[in-house]
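Chemist: What follows is the residue order along each chain.
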Amino acid sequence: MYTLAKILFSTLPLGALAAEPPAAETQAIVAAGEARSLAQSWTVAPDARIEVSNVRGSVAVSTWDQAEVELSGRLGADSRLSVIAAPKRLSLRVEGTKSGWFGGQGPSDDSELVLRVPRTAALDLSVVSADATVSGIAGKSLEANSVSGTLRLTCGAPEVEVNSVSGEVVFTTLPGSATTRAHLQTVSGNIVAKGLGGRVKLETVSGEVRVDAAAVQELEVGTVSGDVSIAVVPAAHARLRLESMSGDLRLRLPATLSAHLEASTFSGGIHSDFGRPEEEEHGPGSSLDAHIGDGDAAISVQSFSGDIELRRQ
Amino acid sequence: MNHELIWRNELRKLGGPALPERDLWPAIHARIAATPRRGRRWPALAAAAAAVLVVGGAGWLGWRARTPPATDAAPPAPLAWAQPELPALAAAAQDLDAASVQLQQALERRPDAVFLVGLLNRTNAQRMRLLRQEAKAR
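Going line by line, the protein sequences match chains A and B. Here the working numbering is used: the first residue of the first sequence is 2, the next is one more, and so on. Here the working numbering is used: the first residue of the second sequence is 92, the next is one more, and so on.
Chain B with its partners taken away, still in its complex shape (with noise of 0.2 angstroms):
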C-alpha cells in the first residue's frame, strides 16, 4: 500500500486553514507585560556585552595591524648562563643579565647604535667570567 496516497487523502478531508474565534494577541502582550523585569534585561545586557566585544575586538585588531612587530614581541630574554652559588657572584650576574637585557632593548630601538654590540660583547664576557671564577674556587 502506498502510503503517501493515504496521508494526501486525510489531508484534504481537514480541509483548509482556520482562523481562531477571538483576537488572541492581547491575551499575549497582557502576559508579556506581567513578566518581571530581571528575566527581561538579559536581552538588553547580552546584547551590549556583544556590541563591546565588537568594537573591542575591531579595535585590537586595527591596534595590531598599526604596530610594528618588534614592538608586539616579548622583551628579550638574558642568555641562558648557569647561576653561581657564591652570593656575591649570583647578585653580580643579576647585574650582568639585567644589562644585557637593557642592552638588547637598546639596541632593538636604536639598531644603528653599533656601539652596543661591543657593550653587550664585554657583559657577556665578564658574565662568563664569573662562571670561570666560580668553578677556579672550587
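Same shape as in the complex, but just chain A (with noise of 0.2 angstroms):
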C-alpha cells in the first residue's frame, strides 16, 4: 500500500489530485528619503478579499463594477507599501521603512491610499491614526480596525465586523441592503449607525452610542459609562439585551411592538411608555415588567446606576 501511493505521489502532478492556487507575487514600493505618488492596479476575483493597512494620513475606498483594484495617492517619505497580490487575495499594508512603529521609530510621514475594489470584494481594514472612509462595498464581509482614526464607512456587506479604541465609528448601510451580523466595539470613540439589522452586538466602555436598527432578531448592547440612544424594530420572536453600569439607555421601541419587556435598575431611575415602573420599597432602584401584544420578543434592559428611558416611537 505504501509502495502504491509513493508511486502515484511521485509520478503524478500535485495540481491532478488538488487544485492548487496560484502563487501569490510580492511587491514592495518603498518611498525612501521623499514621498512619491502611487499609481498601480492588480487584476482579482469579483469577490475577492482586499486587506489595507495604513498607520498615519488615510485611506479612502470605494468600488467599482470591475475585477480589478485600482490605488493611487501618496505614499509617505521613509515608508513601505508591502504588496502581497493574487486573484483572490490582495493585501496592501503601509510600514516604515526604520523597523517597529513605536517610540519614534514608525512612519514619519503620512501615507494617503485611494483605492477602488470590486463592489462585490470582502474588505479588512486596518489604522492606526489615519482616518478611513469606506463607500459601497457589497461583498462578503467588512472588517474594520482603528486605534484613534476615524472610520466612515457605508456598506451593503451582509457580516460587519467593526472595532475602534478611541477613533469615532460611522457606519450607514447601502439603501436596500441590511447587515445580517453587524459587531461594533469602540473603548471610548463613539458609535453612531444607521441601517442594522439581524444580529447585532454594540460594545463600548465610555463612548456615546446611536444606533437606528430595523428588522433585528437579535440585539445585545454593553457599556459601562457611555450613554446609549437606540431606535429598534425587532423582528418575530427577536430578543434584545441592553446593560450599563453608569451610562444611561434610552430604546425607542415602535407603537406596535409587541414584547415581553423587562427592565431593573440598582440605583437609577425608569421612565417607560410602557407599563408603570415599581419602586423598590426600601432604597433606591426600580423594576419594570411589562406584557405588550402578544409579547413575542424577549427586552431585557438592566442598569447600575444609569437611567432608563424606554419610548414609543
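By construction, these hints were calculated from the structure, which means they are not laboratory data. Some hints here could point you the wrong way.
Stated by the list, open to error - Below, a sample of chain B positions facing chain A; criterion: calculated Cβ distance under 10 angstroms:
no.: 1; residue: Ala189
no.: 2; residue: Leu194
no.: 3; residue: Ala204
Glycine included, every Cβ here is placed at the ideal spot set by N, Cα and C.
Got two chains here, each in a separate frame; can you build the complex from them with the hints?
Modeler: Dropping the structure here:
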C-alpha cells in the first residue's frame, strides 16, 4: 500500500490531485527619503479579499464594477508599501522603512491611499491614527480596525466587524441592503450607525452610542459609562438585551410592539411608555415587567446606576 | 562569722523610729508653690492626651467591630496587565482599567447584579485586545 501511494505521489503532478491556488506575487514600493505618488493596479476576482493597512494619513475606498483594484494617492516619506497579490487576495500594507511603529521609529510621514475595488469584494481594513472612508462595499464582509482614526463606513456587506479604540465609528448601510451580523465596539470612541439588522452587537466602555436598527433578530448592547440611544424595530421573536453600569440607556420601540419587556436598575430611574415601573420599598432602584401585545419578542434592559428610558417611536 | 547576727545587733543599738524636731510640711508646700507653672502643665497635658487616646482608641475599636469586613478592605486593584506603549492605546488601557475597578466595586456593593460580570468580562476582553493590537503593530 505504501509503495503504491509513493508511486502515485512521485509520478502524478500535484495539481492532478488538488487544485493548487496560483502563487501570490509579492512587491514592495518604497518611498525613501521623500514621498512618492502611487499609481498601481491589480487584477483580482470579483469576490476577492482586499486587505489594507495604514498607520497614519488616510485611506479612502470606493467601489466599481470591475475585477480590478486601482491604487492612487501618496506614499509618505520613509515608508514602504508591501503588496501581496493573488486573484483571491490582495494585501496592501504601509510600514515604516525603519523597524517598529512606536518610539519614533514608525512612518514619519502620512500616507494617503485611494483605492477602487470590486463592489463585491470583501474588505479588511486596519488603521492606527489614519482616518478611513469606505463607500459601496457589498461583498461578503467588511472588517475595520482603528486605534484613533475615524472610521466612516457605508456598505452593503452582510457581515460587519468594526473595532475602534478611541476613534469614532460612523456606519451606514447601503440603500436596499441590511446587515445579517454586525459587531461594532469601541473603548472610548462614539458609535453612530444606521440601517443595522439581523444579529447586532454593540459594545463600548465610555463612548456614546446612537443607533437605528430594523428587522433585528438579536440585539446585544453593553456599556460601562457611555450613554446609549437606540431606535429599533424588532423582528418576530427577537431577543434584545441592553446592559449598562452607569451609562444611560434610551430605547425607542415601535408603537406596535409585541414583546415581554423587563427592565431593572439598582440605583437609577426608569421612565417608560410601556407600563409603570415599580419603585423599591427600601432604598433606590426600580423595575418594570410588562407584556405588550402578544409578547413574542423578549427585551431585557438592565442598569446599575444609569437611567433607563423606554419610549414608543 | 555570721554577718546577719552582727547587723541585727547594730540595728538594735539604733533604737526605735525618730520624729523630726519640727513640722517639715509647710516648707515643702511653700517650695511646691514657688515652682514655675510651665513645669506643672505636663502632667495635665499627659493626662488629657491619655484620655484622648483611650476614648479615641475605644471608639475606633468599636467602629471596627461594627464595620463589615468588605468595606474595610482596600478598593479592588486592576489586573496586572502590561501597559501599551502607543499613547492612544495607553490612554485606552487606563480607561479600561478604571472601568474594570468601577465594575468590581459595583459588584462588591451589589453581588446580585450578575449582568455586571458580563460587562467586566467584555472590559477585560477589550483590554486583552489592546495588547494584541500593539503586538500586531510591532
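Chemist: It remains to establish, for every hint, whether it holds in the given structure.
Modeler: We went through each hint and held it up to the structure:
1. Interface restraint check: Ala189/B against chain A, minimum CB-CB distance 9 angstroms, threshold 10 angstroms, status holds.
2. The interface hint given for Leu194/B is met, as the beta carbon of that residue sits about 6 angstroms from the closest beta carbon of chain A, less than 10 angstroms.
3. Because the beta carbon of Ala204/B sits about 6 angstroms from the nearest beta carbon in chain A, less than 10 angstroms, this interface hint is met.
Checked against the numbered hints above, the structure breaks none of them.
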